[in-house]
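Enquirer: What follows is each chain in one-letter form.
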Amino acid sequence: MIIDLKRCIGCNACTVTCKQAHGTAPGTFWCQVRASEEGTYPYATKKVLPTLCMHCENPTCVHVCPTGASYKREDGIVLVDSERCIGCRYCMAACPYEARTFDFGDRSGYFPEQEQTSYEAMMLEQHVKGTVSKCTFCHDKLEAGGMPACAQACPTHARVFGDLDSEELQALLKRGAYQARPDMRTNPSVYYLPK
Amino acid sequence: MSNITDKQSRVALVVSLALGLVGLAAWLYQLSQGLQVTGLNNTLIWGLTIAVFFAIIAGGAGLLALCGLSEFLGFMTSEQRSRGIAFAIAAMIAGGILVIWDLGHPSQFFYLMTSFNFTSFSVLDFWFLSACIVVAVVYLIAASSGKPHRIIGAVALLLSVGIIVVEGILLANNSSHHLWASSMNVISFLSGAFLGGSALLAAIAPSRKRLFVVALIISALVTLAEVGTALVAGTDTARHTMQLVVAGPFAAYFYFQIIVGIIVSLVLALRTNRLGLAALTAILGLAAEKLWLLLAGETEIWGQAHHIGPLQVVQQFSYWPSLVEIGLTVGAIGIGVFLFLLLSRVVLRRPAVVVE
Ligand code: SF4
Ligand code: SF4
Numbered sequence: 000m001i002i003d004l005k006r007c008i009g010c011n012a013c014t015v016t017c018k019q020a021h022g023t024a025p026g027t028f029w030c031q032v033r034a035s036e037e038g039t040y041p042y043a044t045k046k047v048l049p050t051l052c053m054h055c056e057n058p059t060c061v062h063v064c065p066t067g068a069s070y071k072r073e074d075g076i077v078l079v080d081s082e083r084c085i086g087c088r089y090c091m092a093a094c095p096y097e098a099r100t101f102d103f104g105d106r107s108g109y110f111p112e113q114e115q116t117s118y119e120a121m122m123l124e125q126h127v128k129g130t131v132s133k134c135t136f137c138h139d140k141l142e143a144g145g146m147p148a149c150a151q152a153c154p155t156h157a158r159v160f161g162d163l164d165s166e167e168l169q170a171l172l173k174r175g176a177y178q179a180r181p182d183m184r185t186n187p188s189v190y191y192l193p194k
Numbered sequence: 000m001s002n003i004t005d006k007q008s009r010v011a012l013v014v015s016l017a018l019g020l021v022g023l024a025a026w027l028y029q030l031s032q033g034l035q036v037t038g039l040n041n042t043l044i045w046g047l048t049i050a051v052f053f054a055i056i057a058g059g060a061g062l063l064a065l066c067g068l069s070e071f072l073g074f075m076t077s078e079q080r081s082r083g084i085a086f087a088i089a090a091m092i093a094g095g096i097l098v099i100w101d102l103g104h105p106s107q108f109f110y111l112m113t114s115f116n117f118t119s120f121s122v123l124d125f126w127f128l129s130a131c132i133v134v135a136v137v138y139l140i141a142a143s144s145g146k147p148h149r150i151i152g153a154v155a156l157l158l159s160v161g162i163i164v165v166e167g168i169l170l171a172n173n174s175s176h177h178l179w180a181s182s183m184n185v186i187s188f189l190s191g192a193f194l195g196g197s198a199l200l201a202a203i204a205p206s207r208k209r210l211f212v213v214a215l216i217i218s219a220l221v222t223l224a225e226v227g228t229a230l231v232a233g234t235d236t237a238r239h240t241m242q243l244v245v246a247g248p249f250a251a252y253f254y255f256q257i258i259v260g261i262i263v264s265l266v267l268a269l270r271t272n273r274l275g276l277a278a279l280t281a282i283l284g285l286a287a288e289k290l291w292l293l294l295a296g297e298t299e300i301w302g303q304a305h306h307i308g309p310l311q312v313v314q315q316f317s318y319w320p321s322l323v324e325i326g327l328t329v330g331a332i333g334i335g336v337f338l339f340l341l342l343s344r345v346v347l348r349r350p351a352v353v354v355e
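Chains as they are written, first to last, in numbering that gives the first Met the number 0: chain L, 0 to 194; chain W, 0 to 355.
No wet-lab data here; the hints were simulated from the structure.
Be careful, since some hints might not be right.
Stretch-level coverage of chain W by chain L, calculated; a stretch enters the list once three of its residues show a Cβ under 8 Å from a Cβ in chain L [as the list claims (entries may be wrong)]:
(1) 39-49
(2) 103-116
Derived Cβ-Cβ restraints for the label pairs, each shown as a range [said to hold, decoys possible]:
(3) L:K45 to W:D235: 21 to 31 Å
(4) L:E82 to W:S174: 27 to 37 Å
(5) L:E82 to W:F115: 15 to 25 Å
Here are a few chain L residues that face chain W, going by a calculated C-beta distance under 10 Å [said to hold, decoys possible]:
(6) V63
(7) G67
(8) A68
(9) E82
(10) C84
(11) I85
(12) Y89
(13) P95
(14) T100
(15) G104
(16) K128
(17) T130
(18) R180
Note that the coordinates shown come from a computational prediction; the quantities given were computed from them, not determined experimentally.
For each residue, glycine too, the CB sits at the ideal point set by N, CA and C.
Please model the complete structure; the sequences and the hints are all you need to start from.
Expert: Okay, here's the thing in C-alpha cells:
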C-alpha cells in the first residue's frame, strides 16, 4: 500500500470504514489517522498520518510471539491466530508502529446506555477477549478479488493498494516514497508519499 | 534474629494461604471481566504484575545463584543453603504464577510450551525458568543431606544467571524502545538479581549483611548511571523518556525505588538488625524500578507514532495499579510464602527461620 500524504485530508473515512467492516470493539483501531500539530501560532498546521499494520517483510511481532499465533503468510500478509494467542502482549511491545491492539474485554458497545445493536453483537462475537488483534489487510476481501476497506473508502484516493512491483505502484514509489522507521529494519509493505 | 515458634509458623501458613486465595479470586474475576479491570491500556501494556514478576524472579534466581556460588566460596552453611534454595524455588514458582495470571488468554498457554520458537525470548524465559525450578528442586533434595554438591551448584548458578540475562534481553530486544534497548538493561537486571538475592540471603543468614549492603550500593549506582546518562548525554528521545521517569507521570515509582528501596533498606540494614524488613523494602524498591522502566519504555512508541513531544505524553499517561492487580500480586507473593513455609516444614523439617 502507498499512502499519499498530499492527498490525505485527515477525514477518518478509513478509520470508520475499518471499524464498520470488522466490527472491532470500542477503543480498538486497526486503522487510524494520527493527528498532531506542527509549528507555532500563527503558522501552526495540523499534521495527519494515516496508519495501519505495515505488514512488514521482517515482522518483529512474529519473531517475538511465543506461541506462533502471529505469523506471516506466503503473500506477505501478517496475521494473528486468536486461537493460539495467549494475550502476553509481547508483540505489542515489539511492533515499532503501535499497530496492534489488545482486547480488554469491554463489550459495552458504542452506545452503553442501550444494548448492543444486532450488528455490533454479531461482529463482536468474532473477536476473542484477552487476545491481540490488528489490521488483516482485509485478506478475505483480497481473496474475493476486492481491496482493503480503507483503500476503497478513501474519498481522495490517498490510500493506493496493489502489487508493489506493478508499473502503477512503481511509478508512485519513484515520487520519493519512504517507509516509516527504516532504522527498525522491518521493511514495511506500506509506503508514504511526502506532503 | 529470633527463632520463629511453631505456632507463629502455623499462623504465617494460614495468612499466606489466605493471601493466595485472594490472588486466585482476583484472577478468576479478571478472567471473567477481561483485563479491563486492570489499569492497563493499549500503550501501557505491562504494569504491576510484570514488574513484580521481574523483581521476584530477580530475588529467586539471585538467591539460587548465591547458593550455587557458596558451594565454591563457602559463605553459607549447609542449613542456610537449603533454606536459600527452598526460598528460591518458592519465589520462582510465585513469579511463574504471576506471569500466567497476567495473560489475557491463559487457556492457550499450552501453545507456548509446544511452539519451540526460540527467536522469542518469552519461550527462552519459560524454558530457563522451568529448568531453574527443576534443578533447584533436585539441588534442594541433594543439599538437605548436608554434603557439598558442587556440580549441581554450578548448574544452578549458570541457569540462574541465564534466566536473568534472558529477561534483560527480553526487554532489550524491543529495539524501538530506546529505554529498554540500552546496553545498560542487562547490567541493570543482573545488579537487580544481585540485590534481590543478597537481600533474601541476609534475611536467612544475617551474617551476610555486608553483601546485601554492597548490592544496595551497586544497585543505586547502576540506577543513577542509567538515569543520569540518559538525561545528560542521551538522544532527544532518551532524554524525554527519562524526564517522564524523574519528573513526569512515573516519578512516584522512581522516587519510591530510591527512597524506600535504597535509602530505607540501607538504614534498616546498617542502623538496625531488622534484615527481614530491609530485604522486603529492597525487593519492593526493585519492583518499583522495574515498573518505571516498563511504563516509561512503553510510552516511547506512542510519542514517536504521534510525533509529539514529552509534554503531551505527560498529559496522556498515568498508571496506578487497580485493586485487581494488587490482589493478583499479593496473592502470588502469598503463594510463594506458603510454598516456602511448606518446603521448610516438609523437606527441611524445621520452622522457617533459625537463629544465627
Ligand atoms: S507493523 Fe507491527 S504488527 Fe504489523 S507486521 Fe510490522 S511489526 Fe508486525
Ligand atoms: S499476544 Fe498473542 S500474538 Fe502477541 S506475542 Fe503474545 S501470543 Fe503472540
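Enquirer: It remains to establish, for every hint, whether it holds in the given structure.
Expert: Hint check:
1. 39-49: holds (count 6)
2. 103-116: holds (count 9)
3. L:K45 to W:D235: 21 to 31 Å: Given about 23 Å between the Cβ atoms, the range holds.
4. L:E82 to W:S174: 27 to 37 Å: 29 Å, holds
5. L:E82 to W:F115: 15 to 25 Å: 18 Å, holds
6. V63: 5 Å, holds
7. G67: 5 Å, holds
8. A68: 7 Å, holds
9. E82: OK, holds: L:E82 within 10 Å of chain W, min 7 Å.
10. C84: With Cβ-Cβ at 6 Å, under 10 Å, it holds.
11. I85: 5 Å, holds
12. Y89: 5 Å, holds
13. P95: 4 Å, holds
14. T100: 5 Å, holds
15. G104: With a minimum Cβ separation of about 2 Å from chain W (threshold 10 Å), the hint on L:G104 holds.
16. K128: Hint holds; L:K128 Cβ to chain W Cβ min 5 Å, cut 10 Å.
17. T130: The hint holds - L:T130 has a Cβ within 10 Å of chain W, the shortest such distance being about 5 Å.
18. R180: Since the shortest Cβ distance to chain W is 7 Å, the answer is holds.
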